[in-house]
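Colleague: Taken in sequence, the protein lines are chains P and C.
So the first sequence is numbered by the working numbering: it starts at 34 and just counts up by one.
So the second sequence is numbered by the working numbering: it starts at 159 and just counts up by one.
Source of the hints: derived by calculation from the structure; they are not laboratory data.
Be aware that one or more of the hints could be misleading.
[To be verified] Straight-line alpha carbon distances no greater than 20 Å define the calculated EDC-like cross-link-like pairs of lysine to aspartate or glutamate that follow: (1) Lys173(C) to Asp204(C); (2) Lys42(P) to Glu197(C); (3) Lys56(P) to Glu199(C); (4) Lys51(P) to Glu205(C); (5) Lys37(P) to Glu205(C); (6) Lys37(P) to Glu199(C); (7) Lys37(P) to Asp204(C); (8) Lys42(P) to Asp203(C); (9) Lys42(P) to Asp204(C); (10) Lys38(P) to Glu75(P); (11) Lys37(P) to Asp203(C); (12) Lys184(C) to Glu57(P); (13) Lys148(P) to Glu125(P); (14) Lys35(P) to Asp204(C); (15) Lys73(P) to Glu296(P); (16) Lys42(P) to Glu199(C); (17) Lys168(C) to Glu260(P); (18) Lys35(P) to Glu199(C).
Okay, here's what each chain looks like letter by letter:
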Amino acid sequence: MKCKKCGSKASVNMRQHKLALCKEHYLEWMPEQTARFIKKYEMFTHHEKILVAVSGGKDSLGLWDILVRLGYQADGLYLGLGIDEGVHYSHESQRLAQKFADEHKLKLHIVDIEKEYGQPIPVLAEKSHRGYGKPCAVCGLAKRHEMNRIARDLGYDVLATGHNLDDEAAVLFGNTLSWASEFLLRQGPVLPSADGLARKVKPLCRFYEREMTAYCLLRGIEYIYEECPFADGSQSIYYKELLNQLETTRPGAKLTFYLRFLEARKTGELFIEKNREQAHLHPCPKCGQPTSTDDLCSFCRMIEKVNAVA
Amino acid sequence: MPVKLILRDKEYDVKPGMTLLDSLKKINVLSESVIATREGEMILDDEILQDGDVVKLIAVISGGRN
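Take these sequences, add in the hints, and give me the full structure.
Modeller: So this is what it looks like as structure tokens:
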């Protein structure tokens with residue numbers, strides 16, 4: 034297969050775009066496309082300060098690399114979750130995030146959940162009895178809470194995460210299966226800022242996971258290959274595998290699924306607008322972050338519960 | 159010599175002379191779910207695998223079965 038731009042041997046073939054590119058042109062194409070998505074969805078400008086949530090994985094490191102190559106002011110945030118499980122997962126992911134930051138002379142903020150809240154994620158999950166024996170729900174809750182807190186406290190304009198199209202399509206698929214309209218209404222490339230909530234953006238939302246892997250391999254970015262040990266057998270991975278089966282026989286199916294959803298949401302084809310009004314938020318009396326619950330936010334309630342047990 | 163395909167901690171032998179895509183089908187791995195490298199270079203589905211080739215398959219879904 035030949036590169037569409039120069040005719041030399043292609044390294045990456047994107048069947049959904051009918052586009053094959055060599056290494057050189059692929060590494061040019063990725064930032065060009067990212068810049069296009071940032072502009073299209075009005076994510077941020079070159080004057081704004083961006084905080085990139087970095088996990089040590091391919092997507093977040095790839096995103097950080099692309100944003101820096103595009104000339105954005107992008108610092109990193111690594112959350113130490115305290116996940117070991119015999120494979121030193123958190124230790125290794127932090128090492129790789131720090132290595133990337135050091136090699137590119139970038140600023141990386143490191144926040145350790147155990148130091149901040151007294152317990153690592155697996156213990157918080159166990160003591161709070163959330164998540165049916167797996168810490169993923171508590172981990173997600175803590176990450177959302179902490180990423181927002183730090184973006185807000187350190188004065189960043191926007192929080193960028195490395196969610197790719199496979200992540201987005203898997204979430205969309207899950208929410209569609211259960212017609213979770215409130216979640217569907219919130220899903221998109223940009224979650225605008227609100228009182229106490231930083232703007233959240235997903236600049237990689239139109240790249241396949243495969244493309245991010247290829248980008249990191251071709252750029253020589255060392256990332257943590259293994260997923261979190263608790264993710265084994267997770268629903269999102271199962272959905273991704275199902276969607277890849279569909280993609281194999283119908284190239285572009287994942288992209289169409291996601292883009293058509295965004296269009297339908299934007300034009301109001303799918304949902305009744307009044308659902309938006311029902312999602313009333315008010316500040317949590319303890320941490321001040323917006324919550325839809327009547328009293329403390331879910332995170333503060335969990336911490337109180339854990340401290341009461343300890 | 160067979161072609162060796164390596165995915166995580168598993169190794170598979172397939173006959174030489176097939177394309178990468180056909181080799182992946184033989185071992186029930188979706189082409190969408192992996193990136194294939196040979197001697198450190200990425201190769202595509204239409205690549206014909208030769209005697210003695212060792213192809214490393216990199217899973218793109220972290221934590222997935224493939």
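Colleague: Could you run down the list of hints and mark each one as holding or not?
Modeller: The hints, checked one at a time:
For the proposed pair Lys173(C) and Asp204(C), the alpha carbon gap of about 15 Å is at most 20 Å, so the pair holds. For the given pair, Lys42(P) sits about 15 Å from Glu197(C) by alpha-carbon distance, which is consistent with the 20 Å threshold. Note on Lys56(P) and Glu199(C): the hinted pairing holds, with a Cα-Cα distance of about 10 Å set against a maximum of 20 Å. Between Lys51(P) and Glu205(C), the direct Cα distance comes to roughly 17 Å. Compliance with the 20 Å bound is thereby established for this hinted pair.
Between Lys37(P) and Glu205(C) the CA atoms are separated by roughly 17 Å; this keeps the pair inside 20 Å, and the hint holds. For the suggested pair Lys37(P) and Glu199(C), the alpha carbons sit about 19 Å apart, so the restraint of at most 20 Å is met. Proximity of Lys37(P) to Asp204(C) is assessed by CA-CA distance (about 16 Å); at most 20 Å being required, the pair is judged to hold. At roughly 13 Å between alpha-carbon atoms, Lys42(P) and Asp203(C) fall within 20 Å of each other, so this suggested pair holds.
Distance check on the hinted pair: Lys42(P) and Asp204(C) sit about 12 Å apart at the alpha-carbon level, within 20 Å; holds. For the proposed pair Lys38(P) and Glu75(P), the alpha carbon gap of about 28 Å is over 20 Å, so the pair is violated. Using a Cα cut-off of 20 Å, the hinted pair Lys37(P) and Asp203(C) holds, with the two alpha carbons roughly 16 Å apart. Proximity of Lys184(C) to Glu57(P) is assessed by CA-CA distance (about 32 Å); at most 20 Å being required, the pair is judged violated.
Restraint check for Lys148(P) and Glu125(P): the C-alpha separation of about 18 Å stays at or below 20 Å, so the hint holds. Restraint check for Lys35(P) and Asp204(C): satisfied, since their Cα atoms lie roughly 11 Å apart, inside the 20 Å limit. With a C-alpha separation of about 13 Å, the suggested pairing of Lys73(P) with Glu296(P) holds against the 20 Å cut-off. Restraint check for Lys42(P) and Glu199(C): satisfied, since their Cα atoms lie roughly 11 Å apart, inside the 20 Å limit.
Only pairs whose Cα atoms come within 20 Å are accepted, and Lys168(C) paired with Glu260(P) is accepted, the gap being roughly 17 Å. Annotation: proposed proximity of Lys35(P) to Glu199(C) holds, straight-line Cα distance about 15 Å (limit 20 Å).
Violated hints, listed in ascending order, are 10, 12; each of the other numbered hints is respected by the structure.
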